[in-house]
Structure formats: C-alpha cells, structure tokens
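Visitor: Residues per chain, in single letters:
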Amino acid sequence: GAVVSQHPSWVICKSGTSVKIECRSLDFQATTMFWYRQFPKQSLMLMATSNEGSKATYEQGVEKDKFLINHASLTLSTLTVTSAHPEDSSFYICSAPPGTREETQYFGPGTRLLVL
Amino acid sequence: QKEVEQDPGPLSVPEGAIVSLNCTYSNSAFQYFMWYRQYSRKGPELLMYTYSSGNKEDGRFTAQVDKSSKYISLFIRDSQPSDSATYLCAMSATGGGNKLTFGTGTQLKVEL
Chain R
5 GAVVSQHPSW VICKSGTSVK IECRSLDFQA TTMFWYRQFP KQSLMLMATS NEGSKATYEQ
65 GVEKDKFLIN HASLTLSTLT VTSAHPEDSS FYICSAPPGT REETQYFGPG TRLLVL
Chain H
512 QKEVEQDPGP LSVPEGAIVS LNCTYSNSAF QYFMWYRQYS RKGPELLMYT YSSGNKEDGR
572 FTAQVDKSSK YISLFIRDSQ PSDSATYLCA MSATGGGNKL TFGTGTQLKV EL
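Residue numbers (the working numbering), protein chains in the order written: chain R, 5 to 120; chain H, 512 to 623.
Among the hints, a few may not be true.
To be verified - Under the rule of at most 30 Å between Cα atoms (straight-line distance), these lysine-lysine pairs were calculated in the DSSO-like manner:
hint, chain 1, residue 1, chain 2, residue 2
1, H, K553, H, K513
2, R, K59, H, K553
3, R, K70, R, K24
4, H, K581, R, K45
5, R, K70, H, K581
If you are wondering where the hints come from, they were derived from the structure by calculation, not from laboratory data. Quick caveat: nothing in here was measured; it's all calculated off a predicted structure.
One chain only, chain R, in its complex shape:
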C-alpha cells in the first residue's frame, strides 16, 4: 500500500508556543490530505481537509486560526497548532487518498503532542 509519513512522531511544548506537524506522501502525489485528531480511547475526528494550492476546509467547531493548514506541494501538508494549550494535547494523524475516488486513504503513523 501507499506510504504516508509524519514528523515529528512526538513533541512536547510549553503552553503558548506553536507546533508544526508535517505530513508527507512518500510514493504518490496527494492533491488532498486529511487531518484527524484522536483523544485517548476515542475515535478519529476529522479536523480539516487540506487541498493542494487552495485553502483548507475545516470541520464545524475547528478553529481555522488556531489550526493552520498549508498544502504547499503534492506531497506535503503541514498542520500548525498556534498558541498551544494543554487541552490541545492529543494524537494528530494525517491521511491521504492515493488515487481514484473509489480508493480509500492511507494514514500516517501519527504525532503525539503534549502541551505543558
């Protein structure tokens, strides 16, 4: 299957700082990438859809000014958590569909964020 990577895998930061998470499709081009958040023992909740060359589409309740998404190329999307607070501590996972509409999407290994 297609490979999606994320960096970093683990980050600890102080409250009020910003954190950038990268999501890369390694062996395919992705015009669309998805960003999910997962709290302990809960399912994945879609935060936003990242579109190459255009603005991201955010799900209801997700603050676009707090979670900045940039999809600068066909293989890279970044999520920046601005002015992070302890309640932003979570597992952030990106995914990308590798091809046609009928295909599914492949997930990155996730980034664990801990805000102190």
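Since chain R is already given, all that's left is putting chain H on it; use the hints.
Guide: Positioned in the frame of chain R, the structure of chain H alone reads:
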C-alpha cells in the same frame, strides 16, 4: 444519535477463536465501508475495503455489509495474539478517498 455506532469493548478471546466485530450506522448515504486496525500509539492500518452488500474475504478476515439493515461486520478467523489491537470501522458517502466517518473502535485482546 451518532452516525456510526460501534461497541468499544474491550473484547477478550482465546487464541484461535473466531472474532466478530460490528458497526451500525444511520446515514443511508454511506456506500463505502472500511475496517482499520490500530495498534496502540500508531496510525490506523487499512484491513478491508468494501462497496457492495455481501461478503468479501481476505485471508483470515471477512468483511460483511448489509445495507438494508445498515450493519457491517468484520470476522477474524483463527485469531492470534498479534491481532490484539483496536478495530475501527469507517464509512463514506462519496468514496473511500473522501471524508470518512469513524466508529469509536473496538479494543480486542487475543489471549494465549
């Protein structure tokens, strides 16, 4: 009511048992169904992808879809300790490469 309901478990079975995992959904627009396996602190891994009602088999895994009942299942035969993980069902109205709605996941433990 959530769009997708999944029993969170935990479900504990002996090695070699047949495991049945289920999800129900309320949105009749869902046409694409997936099962993912997620190990602790890792990203989800695609196991099965189905579109039509009926069964689809892949090795020890069988996915079953009943659109009339809005019910999907994943069966694992000859379960192994390495199958211990959380299993997430996911669904989409517009294709597996588009917005997915996930169940809460079922935690499975296969014991020796």
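Visitor: Hint by hint, say whether it matches the structure.
Guide: A quick look at each hint next to the structure:
Restraint check for H:K553 and H:K513: satisfied, since their Cα atoms lie roughly 25 Å apart, inside the 30 Å limit. A hinted pair counts as satisfied when its Cα atoms are at most 30 Å apart, and R:K59 with H:K553 qualifies at roughly 28 Å. Of the pairs offered as hints, the one joining R:K70 and R:K24 holds, with about 12 Å between alpha carbons and a cut-off of 30 Å not exceeded. Using a Cα cut-off of 30 Å, the hinted pair H:K581 and R:K45 holds, with the two alpha carbons roughly 25 Å apart.
For the proposed pair R:K70 and H:K581, the alpha carbon gap of about 37 Å is over 30 Å, so the pair is violated.
In summary, the structure is inconsistent with hint 5 from the numbered list given earlier, while agreeing with all the others.
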